[in-house]
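**Q** Here's the letter readout for the chains.
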Amino acid sequence: MKTRMRPAIALIAASALLGGCSMLPTFKPIEPWVKPYERERLADPIMKLSRDSLPEKHFEHVRDVREAARGATGVQGGGCGCN
Amino acid sequence: MYTTLPSSFQRPLRCIAAIALAFAASSAAPAIAPTSAAPDFTLRTMGGPNMRLQEQRGRVVMVNFWATWCGPCRQEMPQLDRLYQKYKSSGFVLLGVNVDDDAMKAADVAAKLGVSFPVLLDTDKAVSKLYDLSTMPSTVIIDRDGKVRYVHRGYLNGYEENYEKQIRELLK
Amino acid sequence: MAATRRSNARLRAGGVARLRGLRAARRRAALLRRLAGLIGGVLAASGARAVDLPEDHAEALYHLYNGGGVTAQGPALLVRKSIADKVSLTGTYYVDAVSNASIDVVTTASPYRETRQEFALSGDYVYRDSQITVAASTSHEPDYVANNGSIDVTQEVFGGMTNVSLGFSRGSDRVTKKGSPEFQDHATHWQYRLGATQILTPRWLMSANFEALSDDGFLGSPYRVARVFGAAVPERNPRTRTGRAVKLRLIGDLGNRDAMHLEYRYFRDTWAIKAHTAELGYSRYLGQAWLADAYARYYTQSHALFYSDNAISETTYVSRNRQLSTFNDGSLGAKLSYTVRKIPGRYEVKLNGAYEYTRFKFKDFTDVRTGSLYGYSSSVVQLYVSAIY
Numbered sequence: 001m002k003t004r005m006r007p008a009i010a011l012i013a014a015s016a017l018l019g020g021c022s023m024l025p026t027f028k029p030i031e032p033w034v035k036p037y038e039r040e041r042l043a044d045p046i047m048k049l050s051r052d053s054l055p056e057k058h059f060e061h062v063r064d065v066r067e068a069a070r071g072a073t074g075v076q077g078g079g080c081g082c083n
Numbered sequence: 001m002y003t004t005l006p007s008s009f010q011r012p013l014r015c016i017a018a019i020a021l022a023f024a025a026s027s028a029a030p031a032i033a034p035t036s037a038a039p040d041f042t043l044r045t046m047g048g049p050n051m052r053l054q055e056q057r058g059r060v061v062m063v064n065f066w067a068t069w070c071g072p073c074r075q076e077m078p079q080l081d082r083l084y085q086k087y088k089s090s091g092f093v094l095l096g097v098n099v100d101d102d103a104m105k106a107a108d109v110a111a112k113l114g115v116s117f118p119v120l121l122d123t124d125k126a127v128s129k130l131y132d133l134s135t136m137p138s139t140v141i142i143d144r145d146g147k148v149r150y151v152h153r154g155y156l157n158g159y160e161e162n163y164e165k166q167i168r169e170l171l172k
Numbered sequence: 001m002a003a004t005r006r007s008n009a010r011l012r013a014g015g016v017a018r019l020r021g022l023r024a025a026r027r028r029a030a031l032l033r034r035l036a037g038l039i040g041g042v043l044a045a046s047g048a049r050a051v052d053l054p055e056d057h058a059e060a061l062y063h064l065y066n067g068g069g070v071t072a073q074g075p076a077l078l079v080r081k082s083i084a085d086k087v088s089l090t091g092t093y094y095v096d097a098v099s100n101a102s103i104d105v106v107t108t109a110s111p112y113r114e115t116r117q118e119f120a121l122s123g124d125y126v127y128r129d130s131q132i133t134v135a136a137s138t139s140h141e142p143d144y145v146a147n148n149g150s151i152d153v154t155q156e157v158f159g160g161m162t163n164v165s166l167g168f169s170r171g172s173d174r175v176t177k178k179g180s181p182e183f184q185d186h187a188t189h190w191q192y193r194l195g196a197t198q199i200l201t202p203r204w205l206m207s208a209n210f211e212a213l214s215d216d217g218f219l220g221s222p223y224r225v226a227r228v229f230g231a232a233v234p235e236r237n238p239r240t241r242t243g244r245a246v247k248l249r250l251i252g253d254l255g256n257r258d259a260m261h262l263e264y265r266y267f268r269d270t271w272a273i274k275a276h277t278a279e280l281g282y283s284r285y286l287g288q289a290w291l292a293d294a295y296a297r298y299y300t301q302s303h304a305l306f307y308s309d310n311a312i313s314e315t316t317y318v319s320r321n322r323q324l325s326t327f328n329d330g331s332l333g334a335k336l337s338y339t340v341r342k343i344p345g346r347y348e349v350k351l352n353g354a355y356e357y358t359r360f361k362f363k364d365f366t367d368v369r370t371g372s373l374y375g376y377s378s379s380v381v382q383l384y385v386s387a388i389y
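Protein chains in written order, with my numbering: chain V, 1 to 83; chain S, 1 to 172; chain E, 1 to 389.
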């Protein structure tokens, strides 16, 4: 495989994967399987990953002060000297 | 000699840019494209009786797919109502196809928003599938011969000006 | 002049074959350009898909924490408003009035009162499928000032089924000590975040978040003491700390106007702390106006390398900070929301109350007053009004 062709192959593979590539009819593209008109349940507030930011910020602050583990919570915040 | 980056740099850079674009863009070309015949459908209206698309032949039809849970859809409704009031006497009809699971909720929100155009209920999503919706809301403008002329996906402030221009053009 | 003539000659002489090769390469480049453009065009043509600007809303909260001899309470306020449908600005004000009579304070000093104030401002900008959030905050205590800035980018891909996000924060703190004006130090923090949310089915979605945290500078407390051979010595913490956290979440709609969520987080850092967090929650609509949530959370961690309840050797670093000890805690929480008025798309006002009970159990931290392993329970109460307008 020539080095020059590698970027082209990667590009074609990537776009075929994402679907809609009319240049390669033999590839079956992966299409989004949940259509926009099927997202009613997902639009409900109880399906939100984060609902009210202030109360969550408060809980994260309380846990940050008492526990050593931090991060990956989705709540961005500053620090304080509480420990 | 070289006024641009050497080609050895340009190719991988363009490939990376194209892959990034492929990731950023959405997938799947739409099945409903301009100048194709609009697929016929019959749906129950909020008021009770059925309504068929083919019966609207001779008029300019705008089919707007909306849902109560979709923010831009609700934003768009008053604008669509204004267009309907303005052009309905000139041979324009607006069909609001709702895709909620709960028809009662659709009727409730439509009443609260004060829409005067017919609201059709597509609870089993058959028409949505037929029109291969890729975004909510979606608006399809069909000319007097039943051909799809314009397809709008999504709604942003200012889109209604475009709609008006296209309706006027087709009403001539 | 001569140089150009020479180089032209060289090109002509040695390079006919090279020139052909160059032309072929340029043709390939042009073809690839056209290919990329075509594919990109086909893919991009399907949508002026727009990510929505976050809704305008406001929250007013009263929070209370009571446990282990510490009481912290105060109001907090948040207002979010969109400007010209392009940018959404959020302002937050947060107050913590702390009355500290915790086991550390009581056994080494006397109880004290202190107020912390925090201001934050952030802006969200949406362009097609992306959202950029820039935020800045500052927190003030009599002996600690913390400033933080962050930037986050979220991108919707794959037909809106996947959301990818990248974030970066940097914090800069200034540490002083009450009663010792000669003490002054600083701490710097960096955080790098990477996350993805994926819609699995019309009813289930999952998310994975990864964060790398790095701290530099004074990372302890100038008031806390450690115990070495039974005697109290000021604690000595390393001046760097790097940690990584990964969190997986699953949320699903159960079909009866209710939903459940399950999360797990693993944390590990260069102080040898390993922590696991697991949470299971359930939410349900009751009638037209009520929403109830309940959850259970469990946390466990192992102690920092240099942590010791009573050190029996001299080490470079030593700490008796119970936050770095081996312990676990279990919490049960519940929340109730009442929708006072709701007009879909116009405004909505909700009254909310939340309560969380936590029980801490330490494995290698003792209560010096009794000599037995320490444990305590705490309560968190939140009462707030939230409005979408």
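If you're looking for bench data, these hints aren't it; they were derived computationally from the structure.
It should be emphasised that the depicted structure is a prediction, and the values quoted were computed from it without experimental measurement.
Hints should not be assumed to be uniformly reliable.
Okay, derived cross-link-like pairs now, DSS-like style, lysine-lysine, Cα gap no bigger than 25 Å in a straight line [stated by the list, open to error]:
id, chain 1, residue 1, chain 2, residue 2
1, E, K274, E, K342
2, S, K147, S, K172
3, S, K165, S, K147
4, S, K172, S, K105
5, S, K147, S, K88
6, S, K88, S, K172
7, S, K112, S, K88
8, V, K48, E, K335
9, S, K86, S, K129
10, E, K363, E, K274
11, S, K125, S, K105
12, S, K125, S, K86
13, S, K172, S, K86
14, S, K105, E, K363
15, V, K48, S, K105
16, V, K48, E, K86
17, S, K147, S, K112
18, S, K172, S, K125
19, S, K112, E, K81
20, V, K48, E, K363
21, E, K335, S, K112
22, S, K125, S, K112
23, E, K361, V, K48
24, V, K48, S, K165
**Q** Take the hints in turn and mark each one as holding or not.
**A** Hints, one by one, checked against the model:
1. E/K274 / E/K342: This hinted pair is violated, its Cα atoms lying about 45 Å apart.
2. S/K147 / S/K172: Holds. S/K147 to S/K172 sits at ~16 Å (cutoff 25 Å).
3. S/K165 / S/K147: Status holds; Cα separation ~18 Å.
4. S/K172 / S/K105: Given that 25 Å is the threshold and the Cα spacing comes to 37 Å, the pair is violated.
5. S/K147 / S/K88: Given pair S/K147, S/K88 holds - Cα atoms ~19 Å apart, limit 25 Å.
6. S/K88 / S/K172: Satisfied, since the Cα-Cα distance of roughly 14 Å is no more than 25 Å.
7. S/K112 / S/K88: holds (22 Å)
8. V/K48 / E/K335: Holds: V/K48 and E/K335 sit about 15 Å apart, inside 25 Å.
9. S/K86 / S/K129: At roughly 31 Å apart (the allowed maximum being 25 Å), S/K129 and S/K86 break the hint.
10. E/K363 / E/K274: Within the cut-off at roughly 15 Å; holds.
11. S/K125 / S/K105: holds (16 Å)
12. S/K125 / S/K86: Judged against 25 Å, a Cα distance of about 30 Å means the pair is violated.
13. S/K172 / S/K86: holds (15 Å)
14. S/K105 / E/K363: violated (54 Å)
15. V/K48 / S/K105: Given pair V/K48, S/K105 holds - Cα atoms ~21 Å apart, limit 25 Å.
16. V/K48 / E/K86: The given pair, whose Cα atoms are some 23 Å apart, holds under the 25 Å limit.
17. S/K147 / S/K112: Violated, at about 33 Å.
18. S/K172 / S/K125: Distance ~33 Å between S/K172 and S/K125 Cα, so the pair is violated.
19. S/K112 / E/K81: The hint holds at about 24 Å.
20. V/K48 / E/K363: violated (36 Å)
21. E/K335 / S/K112: With Cα atoms ~30 Å apart, E/K335 and S/K112 exceed 25 Å; violated.
22. S/K125 / S/K112: Given pair S/K125, S/K112 holds - Cα atoms ~23 Å apart, limit 25 Å.
23. E/K361 / V/K48: Violated, at about 32 Å.
24. V/K48 / S/K165: With Cα atoms ~38 Å apart, V/K48 and S/K165 exceed 25 Å; violated.
When held up to the earlier numbered hints, the structure conflicts with 1, 4, 9, 12, 14, 17, 18, 20, 21, 23 and 24 and fits the remainder.
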